[in-house]
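The lines below spell out each chain.
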Amino acid sequence: MNDPLLDVQNLTARYGESQVVHDASFHVNQGEVVTLIGRNGAGKTTTLRAIMGVLRTREGSIRFGGNDISSLSSDQIARRGIGYVPEERGIFSSLTVKENLMLPPVVSDKAMPLDEIYSLFPNIQERLSSQGTNLSGGEQQMLAMARILRTGAHFLLLDEPTEGLAPIIIDAIADVIKVLKARGTTILLVEQNSRFASQLADRHYVFQDGTIVKEFTNQEVLDNPTQVERYLSVEVVQEEEGSDA
Amino acid sequence: MRILFFVSLAIFALVAPFLFYPIFLMKILCMALFASAFNLLLGYAGLLSFGHAAFFGTAGYVTAHALTSWNVGFELGLLVGIISAVLLGLAFGLIAVRRMGIYFAMITLALAQMAYFIYLQAPFTGGEDGIQKVPRGELMGLIDLSDNINFYYVVLGICVLGFLAMYRIVYSPFGQVLRSIGQNPDRAVSLGYNIANYKLGVFVLSAAFSGLAGALSVIVFGLASLGGASWHLSGEVILMTLVGGAGTILGPIVGAAIIVTLQSSLAESGQWVMFVQGAIFVLIVMAFRKGIVGESLDPHSNVRKALKNIKRNPTDKKAVSAVEGATTGTTAVGGDN
Amino acid sequence: MLDVFDVSIQMVMGQVAIGLINGSFYALLSLGLAIIFGLLNIVNFAHGALYMLGAFVGWMLLHYLGIGYWLALILVPLLVGMLGIIMERFLIRKLYDVDHIYGLLLTFGIALMIQALFLNIFGVSGQRYPVPEILKGTLNLSFMYLPIYRGWVIVASAIVCLSTWYLIERTKLGSYLRAATENPELVQAFGIRVPILITLTYGAGVALAAFAGMMAAPVYQVSPVMGVDIVIIVFAIVVIGGMGSISGAIVAGFGLGVVEGLTRVFYPEASSVVIFVVMAIVLLVRPSGLFGKAA
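Residue numbers (my numbering), protein chains in the order written: chain P, 17 to 261; chain D, 1270 to 1606; chain B, 117 to 411.
The set of hints was computed from the structure by calculation and includes no laboratory data. Heads up, a few of these hints could be off.
What the hints assert, rightly or not - No more than 27 Å apart at the CA atoms, straight line, and that leaves these computed lysine-lysine pairs for DSS-like:
id: 1; chain 1: P; residue 1: K197; chain 2: P; residue 2: K230
id: 2; chain 1: B; residue 1: K288; chain 2: P; residue 2: K114
id: 3; chain 1: P; residue 1: K126; chain 2: P; residue 2: K197
id: 4; chain 1: P; residue 1: K230; chain 2: P; residue 2: K194
id: 5; chain 1: P; residue 1: K114; chain 2: P; residue 2: K197
id: 6; chain 1: B; residue 1: K288; chain 2: P; residue 2: K126
Predicted model only: the values in this text are computed from it and were never measured.
Whenever a hint applies, use it, and build me the whole structure from the sequences.
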């Protein structure tokens, strides 16, 4: 585990004329769970989109498995084994749950077989013929993760998986991520909920105004949570919101 | 510099009938008026109508009918034609402004085609033959308009008044609201403007000036025919505006001159006119979306991209500021209001 | 013998049959247009010209190469579909980043070029295309006589429309299409080659138009102007059915064909405009179309 699986150096990303990410450098080692923590608008989602090749107005070096992927199209990047679960989840309303699940093509032989997926996500098995968007927010999040697991992607980009979800669901998601980690999946996680993140992550990078200002090991965060939380705009509110179930 | 330009343009306009065939010049003027009317909708309010010939043709038929069957004078004939176009504009507008963009274009096309089919069958239009021998009459009982040169100056005067009126509209408060709707409808709504009413308003104004152009045209040629209401003419006026440059005052005029000249020079070669027009469409859309006047006046190519982004996504602040910075309409004429 | 409002049942059924035939072409063309619009978000004005091209390619295959109807029915959509693929790949694709109005204008320009080309070569008058041997003759249904070829048109179009519907709504490939219509960026980020999907979809829509043209050749005369009037009617139908709605296109296509036919029986002068009138009414009452999603 000498070279990082993902190595990003001096990443700069723009939307039109405005620069959203400046000179961000970080890496993720094989098997790690690393989080990008920061406020809304700090540049975390943009960074994920840049890595995935969805956002193309970017400069800097993005290396995956030792190879430069910055000139590849997003479908080529996906087929290299990177799976993307976007913030808005992206469940398609004109597809059934089953169709949503089966949509992304299998990209490796480490693909999780369907019965294993159903055992991890029993809710999905019950609702296979519903339209995708008839599911609750939490169920959609599960579906979004399940369909990427089915592809066998071994590096996941998860953008705020717990946003707007009830505590029970958040715990369930944490369990899924733990299972994935045990299987050796590498994960880059974007989160504002530092308590959630510190259950799972090995390291944290703090994003502020489009650049990385700090790096913490998980132990440092566990020893002193407030040093991370002061970079976030709002105290963790998920505990008070009883939104989706 | 600009004064020199306009003075020379004026001089040219005044001596032109002695250099070129007056009917040809009058055709350019009518088409320029038509294209400018169309441009009010496309270039400033951002609405593409694919059925504008309906207003041109309807006014033409009504004016022709008034001058031949009801025996009214020249001025009244024009007026009646314009009114008919306004009424039709109101009717079409009420139906069409509910949708935007692509839908608006298709709906206007379908409505215009409906009018075309009605005219094809209706007795008063004379069907395939049209209304013929439309008289020129006299201007205020004094000037004999059957003389081509006289009539040229009258048409020139009317068209120039039309261009000036449209210029005033574009830069009036009404026009400014219009342009803001074209650029950022959501913001306009939040400021309290009833967008639908403004769109309807500009649609009717555009129809009125198109009607004036159609009515004049019928008197110029002494004939009202189905061609004046056909989809082909609707396509031509779009072409003229695009070639010259939408969203500029001079653009449609330049575009009309070019296309009409092109048509006369290719007139002998049968259907190649249509082929060349199609090819020009393709060329303009792929490479020269700002048109001749637009391209030569705007140094920032961001304008082009920004305008498109706006029409697709009106809340794109970046695009709006890029457009606001580039001032499409004002640079064309050079006037600042 | 039954009489409906002083008109014989035979006349009504006869016009309904003609309406279904016209409706078959409306449905096929609306379907292609709706598929293209759904994924590419452009209104393919060239659809009418490509329909006409389909008929002419079929005619030319027969006239110059002796290739008959049945083989042409397969070749024509393939050939014209390939032209569509070339158009998308080299022209239409460049316009995805700008206002979709330009897609409409581009395809309009292409339509003009195709139509002008054929007008120059063949003139306005139409060429005849013979009905294939097997389908000649008339069926005697008790309430009317139905030419067999016309029955074939209705049946074949219905089969093609329903198969296309099934392909899009019930198969995996269809799920790719539906998902890409909603969120092409995400679908590509899953590893699906969306640009190729788009190109092939445009080709398929064009192939449908060409297929309709080939079917139309023995019914109407093969003429360079056969495309332009029909495409505007099809626009109205697609607006009525709901832009981008597959089922809307099929139902509205057949339905309005019948409406037009019935109008011809009871109020002939209005038959050429009734579809537009229906469109105007639908727009006032339900602007997103009968099957469309609210904008």
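Point to revise | Hints not upheld, ascending by number | key: Violated hints: none; all satisfied.
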